[in-house]
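**Student:** Chains as they are written, first to last, in the working numbering: chain S, 67 to 301; chain P, 8 to 482; chain X, 394 to 631.
Just so you know, these hints were derived from the structure itself, not from any lab.
Don't take each hint at face value.
[Claimed, not checked] Lysine-lysine pairs mimicking DSS-like chemistry, simulated, CA-CA at most 27 angstroms apart:
1) X/395 / P/446
2) P/180 / P/86
3) X/550 / P/382
4) X/481 / P/416
5) P/180 / S/196
6) P/412 / X/514
7) P/416 / X/514
8) P/114 / P/15
9) P/412 / X/521
10) P/429 / P/382
11) X/413 / P/477
12) P/473 / X/488
13) P/412 / X/560
14) X/477 / P/465
15) X/481 / X/453
16) X/514 / X/477
17) P/363 / X/481
18) X/481 / P/382
19) P/446 / P/425
20) P/425 / P/465
21) X/521 / P/446
22) P/382 / X/514
23) P/405 / P/452
24) X/395 / P/425
25) P/473 / X/453
26) X/521 / X/453
27) X/413 / X/521
28) P/111 / P/11
29) P/473 / X/499
30) P/363 / P/429
31) X/413 / P/473
32) X/488 / X/514
[As the list claims (entries may be wrong)] Just a few of them, taken from the derived set where beta-carbon distance is under 8 angstroms, the chain P residues facing chain S:
33) 189
34) 280
35) 286
36) 409
We put the CB at the ideal spot given by N, CA and C, even for glycine.
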Amino acid sequence: MTIHHRESFLEGLADQLGRPRKTTVEPPAYSVKPQERVLAGASPDELVDVLEKQCEFIHTSFEKATVETLPQTIRAILNGNDVTRVVAAGGPRNQVSGMDQFYDQLRTEGLEVLVWDEQQGREQVTFAEKAGAGIVFSDLTLAESGTVTLFNDRYNGRSISLLPETFIAIIPKSTLVPRMTQAARLIHSQEAKGNPVSSCVSFVTGPSNSADIEMNLIVGVHGPVKAAYIVVGDL
Amino acid sequence: MSIKIGTKTYADRIQDGIDNTFMRQAVSSAQGRFRTGRLSAAEELGDWEEWRTLGSEIRQHTMENLDYYLHQLSEQVEKRGGTVFFAKTAEEANEYVQKIAREKEAKKIVKSKSMVTEEIGLNEALQESGCEVVESDLGEWILQLDEDPPSHIVTPALHKNREQIRKTFVEKKGYTGSDQPEELAAFAREQLRKDFLSADIGVTGCNFAVAESGAVTLVTNEGNARMVTALPDTQISVMGMERIVPTWQDLEVVVSLLTRAAVGQKLTSYITALTGTKLEGEVDGPEDFHLVVVDNGRSKILGTEFQSALHCIRCAACINVCPVYRHVGGHSYGSIYPGPIGAVLTPLLDGYEDHKDLPYASTLCGACTEACPVKIPLHEQLIRHREIIIEREHMGSKAEAVMMKGYAKWASHSAAYKLSTKMAHTALSPWTTDDYIEKGPGPLKGWTDSRDFPAPAKQSFRSWYKQREKRRSNE
Amino acid sequence: MKVSLFITCLCDTLTPDVGKDTVQLLERFGCEVDFPAGQTCCGQPAYNSGYVQESKQAMKQMIRAFESSEYVVGPSGSCVHMMKEYPKVLRDEPKWQARAEELVGKTYELTQFLVEVLDVKDVGSTFKGTATYHPSCHMTRLLGVTDAPRILLDHVKGLEIIDLPLKEDCCGFGGTFAVKNAAVSEQMVHEKAEHIGETKAEYLIGGDMGCLMNMGGRMRRNDQDVKVLHIAQVLNSQ
């Protein structure tokens with residue numbers, strides 16, 4: 067049995083609410099929809115600008131690149147942080163973006179690069195824990211808040227964006243949307259079509275931080291200490 | 008721990024709070040920052056009132072149909088390989104988690120910040136079963152090492168200064184560094200990394216569950232909730248039964264309200280929505296997932312005039328604007344839920360007997376109601392609590408009851424009232440010097456202990472007015 | 394226009410001058426002011442302490458007292474707000490509730506009445522000095538009167554208003570709170586008095602006698618040389 071004590075529990079709630087149990091509920095019509103007005107009608111370029119500005123507030127470096135210049139942009143970030151071990155998300159996008167070749171190139175230069183592969187198992191978590199940088203592709207990018215949405219899956223392990231000190235997000239310009247509203251709508255419509263949501267949807271906004279000690283902002287607590295976003299115009 | 012913390016009386020707790028100068032200074036500076044953050048986030052968003060309306064409508068709809076949405080949630084979690092346990096009491100919830108820990112032969116359990124597990128005393132229960140429990144939120148970890156309860160629902164260690172934290176780290180963990188926040192945090196990072204990687208079970212709370220998909224959403228800045236759910240093989244999430252929204256679209260609205268109202272951020276660093284167990288091909292994430300839905304007194308609030316207290320999204324905006332909290336701090340409330348929402352919720356969840364002073368710990372200034380992102384009429388609920396304490400529970404003092412009876416007579420008989428306005432000046436004249444009373448008798452004493460009281464005028468307004476009317480009609 | 398003055402028990406007994414200024418101010422704008430002698434206290438001390446049954450007796454007395462009034466105007470945001478709550482408090486007694494509704498519809502706080510009903514911005518008064526203004530919580534948050542007092546004060550000749558730091562924070566009065574939670578109230582009013590001191594203003598102006606009495610009493614105890622005035626006194630100053 068995987069659901070325990072549900073019926074008596076829910077009967078109790080219905081009793082308190084003074085009515086029989088509900089088996090259907092009409093979707094409510096809320097009186098206002100302010101979320102739909104935020105950045106409504108903004109062009110992709112305008113969204114990039116909003117994202118760039120927001121990066122200043124979330125302690126995140128921001129770069130623009132093309133598929134052609136992406137390798138050198140990433141290389142500069144890796145060099146700047148003395149990274150010698152890299153863990154990266156796997157999957158077909160590495161081919162399209164030329165990252166596969168880039169990772170091969172890094173290997174010939176003596177860096178350790180692990181591209182996430184379900185066959186390799188938990189060892190990868192141990193590798194990620196020691197890696198200097200984790201590289202992922204943003205699945206959806208929320209301009210307003212500067213948020214990278216990751217649908218973690220077999221190609222994109224949860225550890226990649228979490229354990230290394232530097233978090234690098236490759237942001238295809240085509241993934242930019244105004245805000246979380248659009249991400250929520252997409253997930254909702256997929257659910258409705260019977261395509262279940264990823265086991266872990268991570269909305270990541272910059273590096274980890276805390277203000278638990280005397281309200282001082284400390285950047286870099288349990289998760290990454292640094293974050294870098296690279297918007298790729300032709301992806 | 009349970010809802011109630013400590014055994015001191017209300018008056019003693021308040022005095023402790025007032026005497027704690029560091030804490031008060033920390034709270035007032037935190038209130039300043041929170042206030043600026045919240046107001047500028049609201050301003051930037053524009054239409055804040057509209058957002059509040061939407062938030063309140065979502066919460067209301069959800070509570071009115073809570074049985075339906077919890078059913079839907081449990082179906083979805085089951086579909087995604089998880090187990091759901093509905094717990095009516097704290098004991099039932101704890102026993103279930105203990106059972107899982109036994110089955111897994113768990114030695115170490117790592118936790119992310121959760122108020123509901125504080126409320127039900129889960130840590131103590133697990134420790135009794137022989138497990139090591141490690142809190143991973145920086146603030147919670149500090150408190151755990153120091154065996155101190157939280158004093159704020161978002162920044163639990165607000166009452167501690169860096170030197171106290173350093174001392175705790177030195178004594179409990181052999182820390183040798185300075186009291187610089189960065190260095191303290193780096194030490195915590197290093198220490199807790201080991202725990203994340205070696206824990207058998209990860210325990211989380213739940214900011215919002217999403218009924219339509221079975222997701223449990225966690226809102227953090229530190230990344231600890233992601234650690235807790237990515238690394239151990241077993242994940243147990245404990246949620247108060249009201250912490251649910253119908254759909255993802257509802258989720259994004261309440262999350263937008265939460266992060267802005269709590270810390271003035273558009274979104275926090277990590278909003279993580281976790282659904283069931285890891286899927287085929289996934290390397291990290293839990294193999295086993297349990298969701299524990301806790302009532303523990305909440306259902307008694309449903310269907311009553313206090314139902315909107317269940318709308319609370321735990322942002323602490325009411326705490327951050329409360330002028331009483333400002334001067335007494337969180338521990339004075341004697342509850343893990345402090346501030347205005349604590350004063351409303353605590354008597355509902357844990358009874359009036361131990362908490363009858365809390366609804367009076369407010370000037371009814373309404374700052375809480377104004378700040379609440381989901382429009383809970385907090386100050387009105389405090390008044391209603393007072394009514395229940397006096398008229399249903401009969402917990403008022405005899406002296407006060409006599410005084411109030413007298414008040415009612417006085418205020419409902421204009422002759423009696425008029426007489427008092429005539430007599431007041433003379434009656435209080437023995438205590439009056441230079442038109443002020445500096446040491447008042449009876450109920451005035453509380454007032455004059457800290458401020459002067461103006462003596463009643465020689466001639467009341469009504470007497471002056473009457474004379475004027477007479478004069479006028481004679482002219 | 395016929396206006397019934399709702400004096401409030403505090404002004405009636407402790408600060409009758411505020412009432413006199415209120416009457417003169419209203420008369421200057423052509424109001425025919427009367428004073429229904431049946432009025433007592435709005436009921437707030439009992440209501441906010443949980444003694445709702447006792448408070449209802451006061452409320453009914455007030456409803457009776459102002460039954461034949463055209464407008465009811467009071468120099469207090471807090472007491473006027475209490476009146477606005479009568480229908481809710483009397484919800485179990487439909488006849489009284491209806492009478493309460495009628496009272497609510499014609500009741501105004503003084504500055505609100507001047508600005509919203511009489512459409513006055515400049516009352517034509519002169520008052521020389523520097524002052525800070527305390528926007529009392531019940532007036533602003535509960536009654537929703539935020540702009541009217543400032544509009545009127547900004548037009549007073551010779552008056553310079555200095556912003557009060559953290560002006561939206563409660564002064565610690567809270568009716569019976571000041572006595573029941575005297576220790577906390579003391580801390581709150583102390584901080585408020587410090588903020589008033591920081592402005593270096595000569596006067597503290599407010600629209601609620603309870604708050605003014607609280608802050609004034611503390612400043613007197615502190616030997617702070619700040620004079621306390623109700624807004625009616627400033628607006629009626631020539």
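**Student:** Now, for every hint given, state plainly whether the structure supports it.
**Tutor:** Results of checking the hints against the structure:
Between residue 395 of chain X and residue 446 of chain P the CA atoms are separated by roughly 43 angstroms; this puts the pair beyond 27 angstroms, and the hint is violated. For the hint pairing residue 180 of chain P with residue 86 of chain P, the CA-to-CA distance comes to about 43 angstroms; that exceeds 27 angstroms, so the pair is violated. Between residue 550 of chain X and residue 382 of chain P the alpha-carbon distance is near 40 angstroms, which puts this suggested pair outside the 27 angstroms criterion. Taking the CA atoms of residue 481 of chain X and residue 416 of chain P, the gap is about 22 angstroms. The hint holds against a cut of 27 angstroms.
Of the pairs offered as hints, the one joining residue 180 of chain P and residue 196 of chain S holds, with about 23 angstroms between alpha carbons and a cut-off of 27 angstroms not exceeded. Between the alpha carbons of residue 412 of chain P and residue 514 of chain X the distance comes to roughly 43 angstroms, so the proposed pair goes past 27 angstroms and is violated. For the hint linking residue 416 of chain P to residue 514 of chain X, the alpha-carbon distance of about 41 angstroms lies beyond 27 angstroms, and the restraint is violated. Under the criterion of a C-alpha separation no larger than 27 angstroms, the hint pairing residue 114 of chain P with residue 15 of chain P is inconsistent with the structure, at around 35 angstroms.
Taking the CA atoms of residue 412 of chain P and residue 521 of chain X, the gap is about 46 angstroms. The hint is violated against a cut of 27 angstroms. Taking the CA atoms of residue 429 of chain P and residue 382 of chain P, the gap is about 45 angstroms. The hint is violated against a cut of 27 angstroms. As the CA atoms of residue 413 of chain X and residue 477 of chain P are separated by approximately 16 angstroms, the hinted pair is consistent with the 27 angstroms bound. About 32 angstroms separates the Cα atoms of residue 473 of chain P and residue 488 of chain X, which puts this hinted pair outside 27 angstroms; it is violated.
Between residue 412 of chain P and residue 560 of chain X, the direct Cα distance comes to roughly 36 angstroms. Violation of the 27 angstroms bound is thereby established for this hinted pair. Simply put, residue 477 of chain X and residue 465 of chain P have alpha-carbon atoms about 31 angstroms apart, too far for the 27 angstroms limit, and the pair is violated. For the proposed pair residue 481 of chain X and residue 453 of chain X, the alpha carbon gap of about 13 angstroms is at most 27 angstroms, so the pair holds. Distance hint between residue 514 of chain X and residue 477 of chain X is fulfilled; the C-alpha atoms sit about 25 angstroms from each other, no more than 27 angstroms.
Simply put, residue 363 of chain P and residue 481 of chain X have alpha-carbon atoms about 24 angstroms apart, close enough for the 27 angstroms limit, and the pair holds. For the hint pairing residue 481 of chain X with residue 382 of chain P, the CA-to-CA distance comes to about 18 angstroms; that is within 27 angstroms, so the pair holds. The suggested pairing of residue 446 of chain P with residue 425 of chain P holds, with an alpha-carbon distance near 26 angstroms, which does not exceed 27 angstroms. For the hint linking residue 425 of chain P to residue 465 of chain P, the alpha-carbon distance of about 14 angstroms falls within 27 angstroms, and the restraint holds.
Note on residue 521 of chain X and residue 446 of chain P: the hinted pairing is violated, with a Cα-Cα distance of about 34 angstroms set against a maximum of 27 angstroms. Straight-line distance between C-alpha atoms of residue 382 of chain P and residue 514 of chain X comes to about 33 angstroms, which puts the hinted pair past the 27 angstroms bound. With a C-alpha separation of about 18 angstroms, the suggested pairing of residue 405 of chain P with residue 452 of chain P holds against the 27 angstroms cut-off. Note on residue 395 of chain X and residue 425 of chain P: the hinted pairing holds, with a Cα-Cα distance of about 24 angstroms set against a maximum of 27 angstroms.
Pair hint residue 473 of chain P plus residue 453 of chain X holds up; C-alpha atoms about 24 angstroms apart against a cutoff of 27 angstroms. Pair hint residue 521 of chain X plus residue 453 of chain X does not hold up; C-alpha atoms about 42 angstroms apart against a cutoff of 27 angstroms. Restraint check: the Cα-Cα separation between residue 413 of chain X and residue 521 of chain X comes to about 21 angstroms, which is no more than 27 angstroms; the hinted pair holds. Restraint check for residue 111 of chain P and residue 11 of chain P: not satisfied, since their Cα atoms lie roughly 31 angstroms apart, outside the 27 angstroms limit.
Taking the CA atoms of residue 473 of chain P and residue 499 of chain X, the gap is near 24 angstroms; set against the 27 angstroms cutoff, the hint holds. Taking the CA atoms of residue 363 of chain P and residue 429 of chain P, the gap is about 37 angstroms. The hint is violated against a cut of 27 angstroms. Among the hinted pairs, residue 413 of chain X with residue 473 of chain P is consistent with the structure: their alpha-carbon atoms are about 12 angstroms apart, no more than 27 angstroms. With a C-alpha separation of about 38 angstroms, the suggested pair residue 488 of chain X and residue 514 of chain X falls outside the 27 angstroms cut-off, and the hint is violated.
Given hint, residue 189 of chain P at the interface with chain S, holds; its Cβ is 6 angstroms from that chain's nearest Cβ, closer than 8 angstroms. At its closest, the beta carbon of residue 280 of chain P sits 4 angstroms from a beta carbon of chain S; the interface hint therefore holds under the 8 angstroms criterion. With a least beta-carbon distance of about 5 angstroms to chain S, the hint placing residue 286 of chain P at the interface is held under the 8 angstroms criterion. The beta carbon of residue 409 of chain P is not positioned within 8 angstroms of any beta carbon in chain S (closest approach about 38 angstroms), and the interface hint is therefore violated.
Checked against the numbered hints above, the structure breaks hints 1, 2, 3, 6, 7, 8, 9, 10, 12, 13, 14, 21, 22, 26, 28, 30, 32, 36 and satisfies the rest.
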